[in-house]
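*Asks:* Please assemble the complex out of the two chains, which come individually in their own frames, going by the hints.
Residues per chain are reported as follows:
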Amino acid sequence: MHELSIAQGILDIALKTAAEHQAVRVGRITVTVGEMTGLVPDSLRQGFEVLAAGTLAAGAELVIDRIPLAASCRECGREFLVENRHFYCPECGSAGVELVAGRELRVEHMEVE
Amino acid sequence: MRLNVQVMTDILAGNDRVAGENRELFRRQGVYVLNLLGSPGAGKTMLLEQTISRLKDVINMVVIEGDLYTQKDAERIARHGVPAVQINTDGGCHLDAAMIAQTLERMDLTGVELLIVENVGNLVCPAEFDVGEDEKAVVLSITEGADKPLKYPLPFRQAAATVLNKIDLLPFTDVDLTAVQTDIVSLNRDIRIFAVSCRSGEGVESWCDWLQEQVKGKQNHAGKIGNRKMEETR
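For the record, the sequence lines run as chains A and B. Everything in the first sequence is counted per this note's numbering, starting at 216 for the first residue and increasing by one. Everything in the second sequence is counted per this note's numbering, starting at 4 for the first residue and increasing by one.
The shape of chain B in the complex, shown without the other chains (with noise of 0.2 Å):
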């Protein structure tokens, strides 16, 4: 007998799941968790070396550095003196929930405040797998070409910041910086466009000041929630 069932299931509802357990343990450290995307060579590792040099001794910092198959991006990072632990995906072109899973059983939090990811180079797959962070943020080199927003519209959708990088690299193309912002908000109009070059540091001081607010306002979102529990159990 053939029977036709009514499944509405949602693909990635397994993801979702464990992506939300996740989320639940960074809450319950009161860590702040950025999921960092871009394609490759867009400077995301760059990135993370020029914010570790300015937040690290304000910040306690770790960092999840996914990549198909070399270790090279987490012992960068660790050369910085921040404890950063590799996934390697196998190819795999995104780092799911499950993968951020099994990492943090390895993973000591106690007194972590930030916790950066940096997901495997690409502007497609990983926008469409939530890994239980508090936001995105993407990384968008100049070099990559004004049309890539609108190209990879996902993730900058999603992300709470981008950060436009090699903006010293702009006198020598035509990409027009008024352009491709006015390209992402029209993507995303909440969305803090940082200009940046990580080679010269140019403009990596106000991104840091961003993501040091948002790691203070998750602190303070738990610390009222920890108060409000207090006076419940008086």
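Next up, chain A with everything else stripped away, as it sits in the complex (with noise of 0.2 Å):
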């Protein structure tokens, strides 16, 4: 439900990563997104055109990386993906373990004309 707001901050990352580069138009922007942030691919793609419409980035393609969520064992530090939100050690059973992926929200590289 988020996904506009997400939207709106790629579009200022885009647009002023453009300025700095003295660029006229925006091309594809590749984004970074974990599984564990209730994104939903299809609602950002379009937030994301609605919002770029009349700016450099207008018509940019917007591509979306989707990262597992992985965790890591606080007791015995097996690292694994958690798999159907079951976020016990697969190895020891215990349920202290840190997200060591899937909270990602980045803008990794675009493409600048």
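The hints are all genuine.
Pair by pair, the computed Cβ-Cβ distance ranges are:
id : chain 1 : residue 1 : chain 2 : residue 2 : range
1  : B       : 23        : A       : 234       : 20 to 26 Å
2  : A       : 315       : B       : 138       : 19 to 25 Å
3  : A       : 307       : B       : 43        : 34 to 40 Å
4  : B       : 154       : A       : 291       : 23 to 29 Å
Examples of chain B residues toward chain A, derived with CB under 7 Å:
id : residue
5  : 10
6  : 189
7  : 192
Examples of chain B residues lying across from chain A (beta carbon under 10 Å, computed):
id : residue
8  : 6
9  : 9
10 : 11
11 : 15
12 : 95
13 : 97
14 : 128
15 : 152
16 : 153
17 : 154
18 : 190
These are computed hints drawn from the structure, not numbers from a lab. By construction, the Cβ of each residue, glycine as well, lies at the ideal position given by its N, Cα and C atoms.
*Replies:* This is how it looks when you write it as structure tokens:
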């Protein structure tokens, strides 16, 4: 539901980067989106398209790399993918885990002309 | 000429920067800030009313109410004699740090010990936006269903406390309270869980005790830093 705020964040970063490079147009923008951000990729693309209209980033393609949810056990150090919201360590059964991936919301790179 | 530029910028960096400024302001004022999350109808405002009626004589508190369009929540809070400022998000699904920063400009935090920010009713988006709070708490009513913590893990991962509300309705549901608690602990081993009924008042006392401890903890911490600063300047 907060896709529009995130899309605005991406657009702000894209326009700032474009200005830094005296670009006249923004091409493909690649973002990483972790599984545990609750973002719907299609809504994010649509939101971005609407917000970018009339800017240097109008028509720019948004490439979304999804990052799976991964955790590390605080007890035994095992790293594992969290599937089906099962946050217990598969090695020792502990519930004390740190997330190591899956919370990303980052603009990685973009094309400017 | 087409260039591929490395950007590597966090999309929420702008929000996080403003949240950091809010946090610094709260630190200077020595005010403990709780960001209260939960679904629409979970009982966030009612929990606040219960909390205020128990704590308003011992803690100097103010409330920021986030709501899509109405003033209803702030009016409810103000009736209890506690200052309440309403933020209307005009359809926005969450409060962000800038909304709080703008609101703080027209609030006087002098002498305030506790600021509770009641977020927009929503278990997804508010968890993503830091507003500068010390801690988050999430209200979940048992009538929402036992599966909600695992379906919406983020707020439970981030919160320092969960209030399981409406336990007076347990006999009318199939919810196994212990199973819900186990799921929540699987998401966050350190979380404090309070089973309460805001309607009957059951369990609210321990929640208020916890909240009071958090406020004192911040004051003690601020006091220590203050003392250290005085020693440094001597």
